[in-house]
Structures are given as structure tokens and as C-alpha cells.
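*Asks:* Here is how the chains run, residue by residue.
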Amino acid sequence: DTEVTQTPKHLVMGMTNKKSLKCEQHMGHRAMYWYKQKAKKPPELMFVYSYEKLSINESVPSRFSPECPNSSLLNLHLHALQPEDSALYLCASSSHPSRTGIYEQYFGPGTRLTVT
Amino acid sequence: RKEVEQDPGPFNVPEGATVAFNCTYSNSASQSFFWYRQDCRKEPKLLMSVYSSGNEDGRFTAQLNRASQYISLLIRDSKLSDSATYLCVVRVPGNNRKLIWGLGTSLAVNP
Chain A
1 DTEVTQTPKH LVMGMTNKKS LKCEQHMGHR AMYWYKQKAK KPPELMFVYS
51 YEKLSINESV PSRFSPECPN SSLLNLHLHA LQPEDSALYL CASSSHPSRT
101 GIYEQYFGPG TRLTVT
Chain B
117 RKEVEQDPGP FNVPEGATVA FNCTYSNSAS QSFFWYRQDC RKEPKLLMSV
167 YSSGNEDGRF TAQLNRASQY ISLLIRDSKL SDSATYLCVV RVPGNNRKLI
217 WGLGTSLAVN P
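Sequence order for the protein chains is A and B. With the first letter of the first sequence counted as 1, position 45 gets the number 45 in this note's numbering; the numbers rise by one all the way through. Each position in the second sequence, counted from 1, maps to that position plus 116 in this note's numbering.
One thing to keep in mind: the hints can contain errors.
[Claimed, not checked] Heads up, simulated DSSO-like pairs for lysine-lysine below, C-alpha to C-alpha not over 27 angstroms straight-line:
hint, chain 1, residue 1, chain 2, residue 2
1, B, K161, A, K41
2, A, K41, B, K195
3, B, K195, B, K118
4, B, K158, A, K9
The set of hints was computed from the structure by calculation and includes no laboratory data. The model shown is predicted, which means the values in this text are computed figures rather than measured ones.
The shape of chain A in the complex, shown without the other chains:
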């Protein structure tokens, strides 16, 4: 089973709000990711957690704050967002290498965020 769940499915927030996106996986994966995807573009990597430690931050503005409470959960805290931050936010996790040494990433359904 390669299931990654995300809540909420949709979120509308004002520029002064604080909200959080949540992601959960029970596949025993030890790397989890946040991506942002705009329409007709590929996903853009934001953050990577490896063994519950932040290993990659792709120069993301501080209004996005990730958190990894445990190996199954990943949060993205949002504060003072701008309308241009409206996008599909995708969580992913990656398996241990298969027999071929390939790390495969599996995506959740995403949270569609609209900032007004």
C-alpha cells in the first residue's frame, strides 16, 4: 500500500491568517517532502525531512514553516501568505531503496490552497 494522506483537501485563507497543512504516511518511509505545484507546471521542491531532520530547504520564504513531529507525520505551517502562494501543495514520502537502489517518491492527493 503506497498511501500518503493530506488534510485539508481545500483551504482558503486570508493574508493575515495562520493555518497548517498536514500529511501522514504509514509505509515506514523515512523521508518526507513538501512540494508546491502551480497550474501546468511540474512540482517544485520546498522541503525534505530525512529521519525526522530537515535536510533540504530550497530557499523557501519563512512564511512557510515545516515541522516533522514523528516519522509518520509532516506539517506545513502557513502565516502571512501572499496571493501568489495559491497553489497545490503536495506531500510525498520515499521508500527505502528497492533492490535496484532507487528511491521512489509517492505523493499524497494535495491541498489546494487559495490565498485571498
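Given the structure of chain A, go ahead and fit chain B onto it with the hints provided.
*Replies:* Leaving out everything else, chain B in the frame of chain A:
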């Protein structure tokens, strides 16, 4: 030159047709390659990892040509449900976690 390049399409094919997508990558040190499919307003789903020897999964066949630095995806006997965007993805050499994504090729299978 872009790191991963794909023909954006759209490819319009009738049901039952065979369709092939190619993707080129610029870094000869790349080691891991993937095809994802993405339906409109949905998440990317891993279709296949591409192995050096090539691999097949039902109607889908993926090939890797290291000499020419391209990856291909062949879909046989196309179904209406194959209509989607197909994304070619390459892992950043030396980094297990970072992927480079092509812009995707759009496929429409028509009745």
C-alpha cells in the same frame, strides 16, 4: 539546454493506438529515472521507475538509452483512461532526495 526536456504535445491518439514519448536529460551522471502520470488537478502518480535494462508493466514499456541520454515510454493499446500528462523525472546525481522534473507531455486518447 534544459536539464530534462520533453515534447509538451498534446498527443491526440485514437483508442487502441500505440504512442511513444521521449525525454532527454543533460547530466550524463544521472542514475535514476522515472515516469509519473498526472491527471488534471490530481497528484503525480508513479507509473514506472526506469531500469538500465528497460522494463515493462502490462501495456507500458520504459527504455533508457544512456549513450544518447534519453528515456522513452511506450504505451500500447491506448485506453481512454490513459489520457493524462506524463512527466519524465530524473534524480539529481549524488542526491537521493532531489528530483528534476520535465514539463510533461499531454496525452489525449479519443474514442
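*Asks:* Which hints, by number, does the structure contradict?
*Replies:* 3
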